[in-house]
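Its first residue numbered 1, the sequence shown is counted upward by one per residue in my numbering.
Worth flagging that the hints you see were computed from the coordinates, not collected in a lab. One should not assume that every hint holds.
[As the list claims (entries may be wrong)] Once the Cα atoms are required to be at most 27 Å apart in a straight line, the calculated DSSO-like pairs of lysine-lysine come out as:
1. K166 / K234
2. K101 / K62
3. K38 / K85
4. K181 / K100
5. K101 / K38
6. K62 / K98
7. K62 / K38
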Amino acid sequence: MFIMNKIFLLIITICFCSFSYAQDIETKTFRPNNPYDKYWQFNFTTGANIDLIHSGSDPNSKLLSTRPTVAPMLGFRVTHLFSKKIGWNASLQMNFYKEKKSEYFGSGIIGDVIEEFFNKTFWPVSILHPSFDVGIVYRIEQNRWNIYPTIGFGYMNYLLDTESTKSNTNVDGIQNSIIYKQYPSSLLFLNFGISANYYITERSFFVLNANFQQPLQKSHAELINITNKMETNKMSYQTTTAGRNLNIGIGFGFRFGEKAKR
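Take the sequences, apply the hints, and build the full model.
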């Protein structure tokens with residue numbers, strides 16, 4: 001995670017340095033774009049993925065695994081502006097954070113060793129939590145500045161689906177089992193966002209993105225106690241705020257494709 005943070009800070013530094021350099025470009029070298037031309041855009045951003053989960057006072061909220069409140073992210077977006085006022089876009093975002101398992105999850109010593117081996121061997125894949133969304137874009141364009149409010153739907157990977165069972169038999173021959181289940185993996189979400197593009201050349205720009213993701217599905221976790229194959233106790237927790245995120249990123253992009261003929 002330390003290396004990922006170093007990469008994250010390096011990319012931000014490059015973006016800021018590039019922006020400072022762009023300010024030195026004389027205005028006369030820039031020929032303004034015609035607003036509402038038809039073309040494609042591609043941009044990448046780096047920034048922060050902020051977890052906005054809310055558990056309230058429910059004591060069973062500890063059944064669900066947790067993640068860091070703020071995590072680094074990389075985003076890629078393609079936008080097609082096909083009409084005077086609207087367009088569409090598709091985004092892929094990669095969030096990097098390590099999940100902290102619930103205290104009720106028991107994988108055992110062997111399970112812990114296997115998980116640790118996987119995390120170290122396949123880093124950073126083991127901490128990758130992607131999301132993908134598509135949406136409609138509204139166009140507000142003027143000279144160097146372009147503003148694009150967006151709304152859309154997508155899928156995200158928030159936490160891993162997990163299940164564990166611990167069993168034992170006491171001296172009286174009574175078998176006790178504890179079953180733990182967690183299902184917050186793939187979530188459908190509604191996405192609201194806005195992008196601001198500042199052109200430094202006719203076909204390249206700096207971009208500032210911000211978007212809010214609200215899950216449309218519930219995440220669920222439960223703990224079941226079973227004695228001699230009969231359920232004796234059950235704890236459960238569900239929430240629609242697991243996966244509620246605010247994403248803020250800065251980056252660079254370019255436009256391509258033919259302009260509309262006038």
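Evaluation of the provided hints:
Pair hint K166 plus K234 holds up; C-alpha atoms about 15 Å apart against a cutoff of 27 Å. For the hint pairing K101 with K62, the CA-to-CA distance comes to about 10 Å; that is within 27 Å, so the pair holds. Distance check on the hinted pair: K38 and K85 sit about 10 Å apart at the alpha-carbon level, within 27 Å; holds. For the suggested pair K181 and K100, the alpha carbons sit about 15 Å apart, so the restraint of at most 27 Å is met.
Distance check on the hinted pair: K101 and K38 sit about 48 Å apart at the alpha-carbon level, beyond 27 Å; violated. Straight-line distance between C-alpha atoms of K62 and K98 comes to about 17 Å, which keeps the hinted pair within the 27 Å bound. A hinted pair counts as satisfied when its Cα atoms are at most 27 Å apart, and K62 with K38 does not qualify at roughly 50 Å.
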